[in-house]
Structure formats: structure tokens, C-alpha cells
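Undergrad: Required output: the full structure, derived from the provided sequences and hints.
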Amino acid sequence: MSNLDDLYREIILDHYRSPRNRGELPSPPAIRSEGFNPLCGDELVICVEVQDGVLTNIKISGQGCSISQASSSLMSTVVKGKTLEQIDETINTFKQLMTVHESTLQHGDEPAKIDLRALGELAALQGVVNFPVRIKCATLAWNTLRQALDEA
Amino acid sequence: MSNLDDLYREIILDHYRSPRNRGELPSPPAIRSEGFNPLCGDELVICVEVQDGVLTNIKISGQGCSISQASSSLMSTVVKGKTLEQIDETINTFKQLMTVHESTLQHGDEPAKIDLRALGELAALQGVVNFPVRIKCATLAWNTLRQALDEA
Amino acid sequence: MMSRMVRGLPLTYLDTSATSLPPRPVIEAMSRYYELRHSNVHRGVYLTAEESTAVYEGARKDVGTFINAPNGVNEVVFTKNATESFNLLAKSWGAANLKPGDAVVLSVMEHHANIVPWFQLRDQIGIEIRFIPVGDDYRLDLNSLDELLDGAKLLSVTGMSNVLGTINPIKQLAQAAHDHGALMAIDAAQTIAHSPVDVGDLGVDFLAFSAHKMLGPTGIGVLWAREEILANMPPFLGGGGMIADVRLDGFTPTSGPARFEAGTPPIAEAAGLSAAVRYLSNLGMANVAQYEHDLTLDALTRLHETFHGQVRVIGPNSVTDRGGVISLDVEGVHAHDIAQVLDEFGVCVRPGHHCAKPLMRRFGLSATARASFGPYSLTQDTDVLLEALAHAIKLFG
Amino acid sequence: MMSRMVRGLPLTYLDTSATSLPPRPVIEAMSRYYELRHSNVHRGVYLTAEESTAVYEGARKDVGTFINAPNGVNEVVFTKNATESFNLLAKSWGAANLKPGDAVVLSVMEHHANIVPWFQLRDQIGIEIRFIPVGDDYRLDLNSLDELLDGAKLLSVTGMSNVLGTINPIKQLAQAAHDHGALMAIDAAQTIAHSPVDVGDLGVDFLAFSAHKMLGPTGIGVLWAREEILANMPPFLGGGGMIADVRLDGFTPTSGPARFEAGTPPIAEAAGLSAAVRYLSNLGMANVAQYEHDLTLDALTRLHETFHGQVRVIGPNSVTDRGGVISLDVEGVHAHDIAQVLDEFGVCVRPGHHCAKPLMRRFGLSATARASFGPYSLTQDTDVLLEALAHAIKLFG
Ligand SMILES: Cc1ncc(COP(=O)(O)O)c(C=O)c1O
Ligand SMILES: Cc1ncc(COP(=O)(O)O)c(C=O)c1O
Numbered sequence: 001m002s003n004l005d006d007l008y009r010e011i012i013l014d015h016y017r018s019p020r021n022r023g024e025l026p027s028p029p030a031i032r033s034e035g036f037n038p039l040c041g042d043e044l045v046i047c048v049e050v051q052d053g054v055l056t057n058i059k060i061s062g063q064g065c066s067i068s069q070a071s072s073s074l075m076s077t078v079v080k081g082k083t084l085e086q087i088d089e090t091i092n093t094f095k096q097l098m099t100v101h102e103s104t105l106q107h108g109d110e111p112a113k114i115d116l117r118a119l120g121e122l123a124a125l126q127g128v129v130n131f132p133v134r135i136k137c138a139t140l141a142w143n144t145l146r147q148a149l150d151e152a
Numbered sequence: 001m002s003n004l005d006d007l008y009r010e011i012i013l014d015h016y017r018s019p020r021n022r023g024e025l026p027s028p029p030a031i032r033s034e035g036f037n038p039l040c041g042d043e044l045v046i047c048v049e050v051q052d053g054v055l056t057n058i059k060i061s062g063q064g065c066s067i068s069q070a071s072s073s074l075m076s077t078v079v080k081g082k083t084l085e086q087i088d089e090t091i092n093t094f095k096q097l098m099t100v101h102e103s104t105l106q107h108g109d110e111p112a113k114i115d116l117r118a119l120g121e122l123a124a125l126q127g128v129v130n131f132p133v134r135i136k137c138a139t140l141a142w143n144t145l146r147q148a149l150d151e152a
Numbered sequence: 001m002m003s004r005m006v007r008g009l010p011l012t013y014l015d016t017s018a019t020s021l022p023p024r025p026v027i028e029a030m031s032r033y034y035e036l037r038h039s040n041v042h043r044g045v046y047l048t049a050e051e052s053t054a055v056y057e058g059a060r061k062d063v064g065t066f067i068n069a070p071n072g073v074n075e076v077v078f079t080k081n082a083t084e085s086f087n088l089l090a091k092s093w094g095a096a097n098l099k100p101g102d103a104v105v106l107s108v109m110e111h112h113a114n115i116v117p118w119f120q121l122r123d124q125i126g127i128e129i130r131f132i133p134v135g136d137d138y139r140l141d142l143n144s145l146d147e148l149l150d151g152a153k154l155l156s157v158t159g160m161s162n163v164l165g166t167i168n169p170i171k172q173l174a175q176a177a178h179d180h181g182a183l184m185a186i187d188a189a190q191t192i193a194h195s196p197v198d199v200g201d202l203g204v205d206f207l208a209f210s211a212h213k214m215l216g217p218t219g220i221g222v223l224w225a226r227e228e229i230l231a232n233m234p235p236f237l238g239g240g241g242m243i244a245d246v247r248l249d250g251f252t253p254t255s256g257p258a259r260f261e262a263g264t265p266p267i268a269e270a271a272g273l274s275a276a277v278r279y280l281s282n283l284g285m286a287n288v289a290q291y292e293h294d295l296t297l298d299a300l301t302r303l304h305e306t307f308h309g310q311v312r313v314i315g316p317n318s319v320t321d322r323g324g325v326i327s328l329d330v331e332g333v334h335a336h337d338i339a340q341v342l343d344e345f346g347v348c349v350r351p352g353h354h355c356a357k358p359l360m361r362r363f364g365l366s367a368t369a370r371a372s373f374g375p376y377s378l379t380q381d382t383d384v385l386l387e388a389l390a391h392a393i394k395l396f397g
Numbered sequence: 001m002m003s004r005m006v007r008g009l010p011l012t013y014l015d016t017s018a019t020s021l022p023p024r025p026v027i028e029a030m031s032r033y034y035e036l037r038h039s040n041v042h043r044g045v046y047l048t049a050e051e052s053t054a055v056y057e058g059a060r061k062d063v064g065t066f067i068n069a070p071n072g073v074n075e076v077v078f079t080k081n082a083t084e085s086f087n088l089l090a091k092s093w094g095a096a097n098l099k100p101g102d103a104v105v106l107s108v109m110e111h112h113a114n115i116v117p118w119f120q121l122r123d124q125i126g127i128e129i130r131f132i133p134v135g136d137d138y139r140l141d142l143n144s145l146d147e148l149l150d151g152a153k154l155l156s157v158t159g160m161s162n163v164l165g166t167i168n169p170i171k172q173l174a175q176a177a178h179d180h181g182a183l184m185a186i187d188a189a190q191t192i193a194h195s196p197v198d199v200g201d202l203g204v205d206f207l208a209f210s211a212h213k214m215l216g217p218t219g220i221g222v223l224w225a226r227e228e229i230l231a232n233m234p235p236f237l238g239g240g241g242m243i244a245d246v247r248l249d250g251f252t253p254t255s256g257p258a259r260f261e262a263g264t265p266p267i268a269e270a271a272g273l274s275a276a277v278r279y280l281s282n283l284g285m286a287n288v289a290q291y292e293h294d295l296t297l298d299a300l301t302r303l304h305e306t307f308h309g310q311v312r313v314i315g316p317n318s319v320t321d322r323g324g325v326i327s328l329d330v331e332g333v334h335a336h337d338i339a340q341v342l343d344e345f346g347v348c349v350r351p352g353h354h355c356a357k358p359l360m361r362r363f364g365l366s367a368t369a370r371a372s373f374g375p376y377s378l379t380q381d382t383d384v385l386l387e388a389l390a391h392a393i394k395l396f397g
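Residue numbers (the numbering used here), protein chains in the order written: chain P, 1 to 152; chain R, 1 to 152; chain Y, 1 to 397; chain E, 1 to 397.
Some clues are possibly wrong.
Claimed, not checked - Think about it this way: if two alpha-carbon atoms lie no more than 25 Å apart in a straight line, the pair counts; the simulated BS3-like pairs of lysine-lysine are:
1) K82(R) x K95(R)
2) K61(E) x K136(P)
3) K61(Y) x K95(R)
4) K95(P) x K80(P)
5) K61(Y) x K136(R)
6) K61(E) x K95(P)
7) K59(R) x K136(R)
8) K99(E) x K99(Y)
The set of hints was computed from the structure by calculation and includes no laboratory data.
TA: Spelled out as C-alpha cells, the structure:
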């Protein structure tokens, strides 16, 4: 079951069992954004407060599998306190990580070099790319966050 | 090509080349009925005059293949001057002739005994039953006639 | 497919509710059709065109016989799937026969295929849509049936829930619908391959299903409707094959089932469907029902004994009026993760809302992991399922 | 199928316009799919469900590449046939974007698939339908094109007539449509398997075709639409797979091509379509076009030399802008009878109106006998055709 160990790393199980930054924020002033994964039923609500270009607070609620829950929890710890530019970069890097599989598989391209250090704990989600159907679970939180920030 | 000889008997080719009772009748008083075979484009117009339960005149126009043309021409010669009851019987006998194939094939039933003599020249159309797609061509005139008589 | 090895393990296919595995005769019927007699239907005079027409119309006959349609081929319309059948029902029959304010009654356990077309019709002409509630026993709550049917023109309910396994009392519902002057439709997508279906005996007016859930191919479905109703339904999709005439100023539709079959139909798929019907008829649908009943009883019993409360079955616990669809909810483990872990064991179960969101909401669930049986399922499949489930629980525990 | 013997004679298949004969790799792609990976798409986590999703979505990609769709998979919708594609176009895009009095321009040589859905829409919302006339040279008469396009919102024309073989100047028509602020749709049912198709180069906005006319299976068709147009089209059929959410009070559709694909899609058929696209791509569509061009030139020449005026070709006599569809009208012999006699020689040609009644009326014909070529056709097929035609003429002469 080595495949599974790669997907369900300890840090992911930990964030799944004890998600960080759970809850909602009054909106307004917070921006509220909803994300669905219609294929598997994951539902996510992200509330963010942005002040002077900095994401000062984030709360996440909703239901989902270990991957979508852990991904949103990990995301919340990483983006909190960052500037919108920094977050934009992180979102891009993370989504790049999640598309490596597809581009390598389909075009035989060299995987783009990704700075895993920049991702910190998020790198634990790397194993997801070997499970293509789960990629949507991992990226749901990120797409929902981008949606929220687009309104900021 | 013995199959074909059975389908295209000389009497059929003759009626196809020189169709009897071609034309239309002023309607009213004649009853006019149209028949289509949407699958192959055959179109038929039948005009009949009925007096005191007797079909006194019939004219046929339209386009169609040798089978539908010959069938309508043969029909016109057979029904002209007959009572509606007699015609009804002929229609039934003829349609029975045309369904023999199907019922024998699908249920292994004994073909119903059909009095071919009662059909006269019409019996020449017997070969059609071996060409199932052409049965609709042969019966078009008869269905259109019945439709006309239903209005009589 | 069941002989295929996945990661060194044999495949344990427990997803028949989603789609069934066609046996060899079904696959071969289609290959043979393409190799020997593929031609377009109806308009051909040459031999293979006659043959392909016989294949296609023969399938109509086979289906009519299988569901015991009183007027056989005149009542069987081929669609692309059960979903199209419901769209045809709503948008042809419904649009022609329903007026603003008329009610259509569904149930909370319907598949989206039997919900969304009615919402679309409502948004277009303003009908009212009502839902029979589902009780805590996972069965239809029929206490308010009479009120729900008051002013209704149609009752449309699934024969068996694709989430709960609940088998609904269609005969009783049809009787109630008719008593209120409403027609009755049954979503037989989950019924058709798992028990005998006799439309006359059920007393229904419409019936819909897909071939791919009854050991047949993808790409073909059926709407059966009583002949006198079908004869008065306006066309649905327009095109070749459904017309009597087309002029520059309009068209005249043809009669019979062809009126609802625009364009080149699924001919090879009809050959496959015929083969599936014959395969199931040879097994005998009563035998299939009994066999799956036994498998389900065994699985429910062992799930309970092995996991006690830790694994919750979302569906009736008794096997009376219940089919071989077993939805699982495991405390602390999301359905997606269960399916993922089971996949490592070669076990195919489906996580998600199973296209029945209103039902999922009713029970406060976003997803279940669903195992479902078919005529080819074995008690050994349950062995592997239990082993894999135990592993999943340990991993997330 | 071409190796099959009929009444002791090899089959001479000349009915590719009606449906084409899938080569072995196409048939095998479907059998293999059913034997190894059949599962429902999208919602599965287990291996074969991932694989079937990859098969289905891979077909979308292959089709996008084949027609050079600028935004690939985002623009390719799978339907059951070209006819459904036109119904989707008329009843989703048309119903949402056309107002009473808006004009849709078709041509007199359209197949019923590109006529009847527009009449249905007209009867529903009151649009105006106009027809580009066809000249005595069997080509579109474009003299009044500007007037016809005045106030038009869509021009929808066939790439190649399935009766005449006429190839229409789609690029020029698209330009004219756009100059008048109208969108342009092409019925590519007869184009797709016979010449290269590049939607960007053609400058069209919609394109429709069926797999079964391009060496693929029955049961699957395509509507391609520019991404920005598709993104704003409302749903068509409702059901599973096309929703983001369903509640007891309504539903929210999903985005992308899935919005138009309600229910279990034709998955095995998508595998077959992929194989057909790969087969044709390997042949090279420019080669196919050249090959069929040569066959057609040879056939037209020999028909003329052999029968002079006795056999009339209903379609352009030159092979410029003309494909391998040859409709015959024989003085004194009905098309049905020709096809019947030819059948005795193992020759498959199609008699009838070919679902193009307005065109038949234009030329005062109720039926033609149509022979049509595919990439597998041979000059020997023409030999047999001529021999059989001579016999038919003798029999009825
Ligand atoms: C030009 C044209 N358009 C549309 C169609 C309809 O295709 P289908 O019957 O596969 O929907 C056909 C084929 O019959 C055709 O030849
Ligand atoms: C109860 C029920 N109804 C309808 C459907 C729809 O069937 P299809 O997707 O083949 O149209 C399904 C299957 O998903 C089902 O389980």
C-alpha cells in the first residue's frame, strides 16, 4: 500500500483530523466565497479579511474528503498574514505542482521545476498528482480562495 | 437473378409501364385520399366515386416505384365496379398475402391459407413478400384506398 | 472485465448501480453487427440494410417482450439513455399536457434524471413540482400522498433508489395516481436488471431505463409509454427519420415510436441491448432477484457483525423491498477516501452524491461510498470489501 | 464487412453517405473498452473508472485536434448524432439568442437535421426561416445572399450535400454571415470523413457531425462551438452530470461541455470515435480527399461514357468542389427498383429522398439512387455498379 502512504502522508491526516482555521467570518466586512466540486460533493466556504493588501484573517467551513479538507487547512496556515502578491505566487506554484502529472503524462514534457521549499508544508500534497481524480479535491480550496481575492 | 424474376413478373412490369386508371377526379363529388411512404418517397393520390355502395370510378396519380405503381394500377382494375363489401374483402385478402412472410418468419406459424384465385391478377404481387422492405410499396395503394373508403 | 488483474489483484467490481459489465455475448453481438451487417436503417433496399433494420426493430420487439408491453413494438422508443427518456417525457408529453399550475409529483429519493427535466419544464411553463418525503426508515413517507396527488397530472417515482436500495411500492403508487386522475411514470433504471418488470401488472403509464445498467451497452436507453398516450405526444428532437414530409414552409411528423427517434439511431447498441435482454431472460429475472437478495442479506449481516456501529448503512437494514445497493457512511472517513483505499484492494465502489443531491441533503450527507451488486457478483466480493473497509478504518482511525 | 459474400458475390458497399463501415481498429477499441475498463465516467475514484474517464475525455481531445478547435476540449460537446447536435444548437443557443422576427438562413440542399429543429424553434418562438436557393447547376445560388442575410442571426449550411455531392464555399459563406453580424454553422456530417476540416480556417462558429459517417460507431455525435459562445448557452437536456447542484426548489447547471451532456454518455462510442479519428489521421485527410476525388472523376466519366443521357447524374458533372456522392436518375426506372436490381449484384446503393425533401422537390424528383464512396472504396466498385446498372436498364427497358 505504498501508493496510499504517499497520498495520505501523516501531515495530511493530521490536518484532516484537526483542521486549522475552521469557521466563518461575518461578511461584510469579510469576503465570502463558495466552492463546489460537483463530481464528488465537496463543498467549501472560505471567508477572508483583507486589509491594505494583506490577508489578515481566513476561516474555512464545509465538507469534503481528507484531501480537500487537508488542502484547505494547510492553505489557511500558509496564506494567513501574507500579501496578496505573495498569495498569488503561492496559488500559482501550488497549481503548477498539481498539473505536473498531466503535462508529463500527456506530452512527455519535462516537469517544470517547482520550488518545493517555497511551498513549505504544502509540499505534503505532492503525492496527490499520482491520483488524477483527487487533484480537483486538492485544488478546490485554492480556486475558491482566488475567487474570493478577485473580489477583494 | 431468379429472385428478381419472381419480384418483377411480366404483368407487374406491364402495369408499371402502362398504368391503368391514371388521373384525378374532381373532388367533390369524388373522395380524394393521399398516401405517403416517407421511407422511400412514394406518393399516391387516389380519387374514388362511390354510388349506392358501389365504387363506380377510381383514378390514381402520384409517383412511386414499379411495385407501388403496379400495385395501385392492378388494384384499380380489380376494385372498379365492386361493392364496398367486396372491396373490403379484397383489401383484407391482399394484406394477408403481404403479411405471410413476417408471420412465417417470426413465429414459425403455418402461413394462413389464402385464396389466390380470389385475387386474380393481384396474385402476381405475391413475389413481393420475399422482399420485406418492398411490402410497404405494395400496400401503400391499399391503405390509401381504405382511408378513402372510410370517408365514404 | 472481471478476469482483469489490477495491481496484482483481481478486480472486485461493486459498481453495477453506476454501470454494469456486459457479458461476452453482448460485446460480440455488437462486433458481429459491425463486421457483418452495419448499414443505416429503414431507407435501404439492399441486404445488409434490411438486416440492420431487422436488428434494430428486433431489439424493439425484444424490449417490448422483456417488459411485457401490451402493444409491443408500438410502445418502445429508443433514446440515448434513461436521462433522455425523462427529457422526452417532460418536454413532449409534459409540455403538451401540462398547464401552468398543474402539479408533477416526484420523490425526494429521485435521481437528477427524474428531477432536472421537470424543473426545466417548470421554468418554461410554470408547473408545480412536489416531492414525496423520505422517512427516517429510508422509505417513502406516504402519509401525505393524497394531498400531494391533489391536482397532480403525473406521479414519477423510481422503482429502486440508486443510493438507498429501497424498492418502492410502484403498483400501489400507480393505483393512487390513477385514483387522482394522474398518470404514473417509473424510473426503472435500477429496477430493470434486478427483478422482473411487467408494465401491465405494475399499472404504470411510462417507464424509462438505460441499457448500460442491464448488461447492455452505453448509448441507448428506452422510454416505454402506453400506445394511446404515445400516439398523442408531439415530436421531441427534430430531423431525419421522424418526419412524414418536410417542405420549405414546415414539416409533418411521422407516427409511432419513430416520431421520437430523430437521426441515425443507436443501431449497434440496439444489437447489444437485444443480446443483454436475451442474456437476462435466460438467467430468469426472478432468479436474478433471488440471487441478489441473498448476496445483499449476507453483506448487510456481515457489515453489521464486523463493524457494528462504525459503518453505517444508509438504507433499509432489512432486505424486504430492498435491492443490492449498499451505501456506506463511515464515521470519520470520507466516502472519497474509502473508495480510494478500496481501490488499492482492487475493489470498485463509488463515492459521491450519486446524482441524488436532494436525498443526500435529506440525510445531511455530502457523499456515501456505494457498493452495488449485479448478477455476476459473488459472496467473495463481500469478503474483499470487508477486508478493505477494515484497512480504511484503521488508516484513518 | 467488405469481405462478406452475399448470394455468392462479394459485397460492393456504396452507401458511405448513409453510414460508413468501421475498420477493425474501431470495432476492437470498443470491444477492448468493454472487456477491460468499462465503468461510468467522472464520479469514480477506482482504476477502471479513471480509465473510462480518460477514454471519454481523451476522445474529446482527439476530436478537438482533428478539427483544430482553438480551445480544444472546452469546445467539444458529445451528442448522440449530428441530428441531436442541431437540436442542441437550435434549442439552446437558438432559444436563448433569437427573438421573434430574427432570421435563420439555411439552404434548399439541407438535410432534414438542419431544417426541422429550426421549424420547431420557429413554431415555438416565431423566428423567420429563409433558404438559399439551389441553381440548375446543383450549386447554391448566392445572388441574393446579401438580402437573405439582412437581419439574420445565423447562417447554417451543409459543407457537402448528401444528395448532390456539391461542396459549398463555407469560408466565403462564413465571411458573408459575419459581415452581416450573423453567426455561421456548418453541417459537417458529409465533410468530416472526406476532406480536412479546420474550424479556425473555415471561420465558422458551430460545426456538427456524427461518428458513424466517419468510420466510427453509431450512438455518438459532436457539436463543436466556439468557447465564448458555448460558455453562454443555457443547458439543453437535464439530468445527472450537467448540474452543479440540485435542490428541492431548483438546480444550478455546471459549466463547460458537460453542461450539455446529461446522463451517462456514450463512453464505448467515444473510444470508437477516438480510434476512427486516429485511423483517418493516419490516412491523412488530404490523401483521402484526393483518393475519393479520383474515384469520383473516374465514376462520373464512365457513367457518362456508358449510358450517355440514359442515366442522369443529379449533381455537378465536374469534380471541382464536388465529393464522392453520386445520385442517379434513370429514365423509366424508379430509384427503388434500381437499388433492388443492384442488390442482386451485391451492390449497396440507397434509394429515396435522403432526408432532403426540399431539395428533391426543387428538382421534381421523389427519389434518386445514390452511390457514395468512402476511403475504402475501389474503382472495381464502379465496375460492378456499371454492370448492375446496365442490367437494371435492360430489365425495365
Ligand atoms: C448532410 C447531413 N446532415 C445531417 C445528417 C444527420 O446525421 P445523423 O443521422 O447521424 O444524425 C446526415 C446524415 O444522414 C447528413 O448527410
Ligand atoms: C435511478 C436512476 N435513474 C436514472 C439514471 C440515469 O441513467 P443514465 O445516466 O443512463 O441516463 C440512473 C443512473 O445513473 C439511476 O440510477
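Undergrad: None of the hints should be skipped; say for each whether it holds.
TA: Here's how the hints hold up against the structure:
For a cut-off of 25 Å, the pair hint linking K82(R) to K95(R) stands: about 18 Å separates their Cα positions. At roughly 19 Å between alpha-carbon atoms, K61(E) and K136(P) fall within 25 Å of each other, so this suggested pair holds. As the CA atoms of K61(Y) and K95(R) are separated by approximately 22 Å, the hinted pair is consistent with the 25 Å bound. With a C-alpha separation of about 18 Å, the suggested pair K95(P) and K80(P) falls inside the 25 Å cut-off, and the hint holds.
Distance check on the hinted pair: K61(Y) and K136(R) sit about 19 Å apart at the alpha-carbon level, within 25 Å; holds. Only pairs whose Cα atoms come within 25 Å are accepted, and K61(E) paired with K95(P) is accepted, the gap being roughly 22 Å. For a cut-off of 25 Å, the pair hint linking K59(R) to K136(R) stands: about 20 Å separates their Cα positions. Straight-line distance between C-alpha atoms of K99(E) and K99(Y) comes to about 23 Å, which keeps the hinted pair within the 25 Å bound.
Violation of the numbered hints given earlier is absent; every hint is satisfied by the structure.
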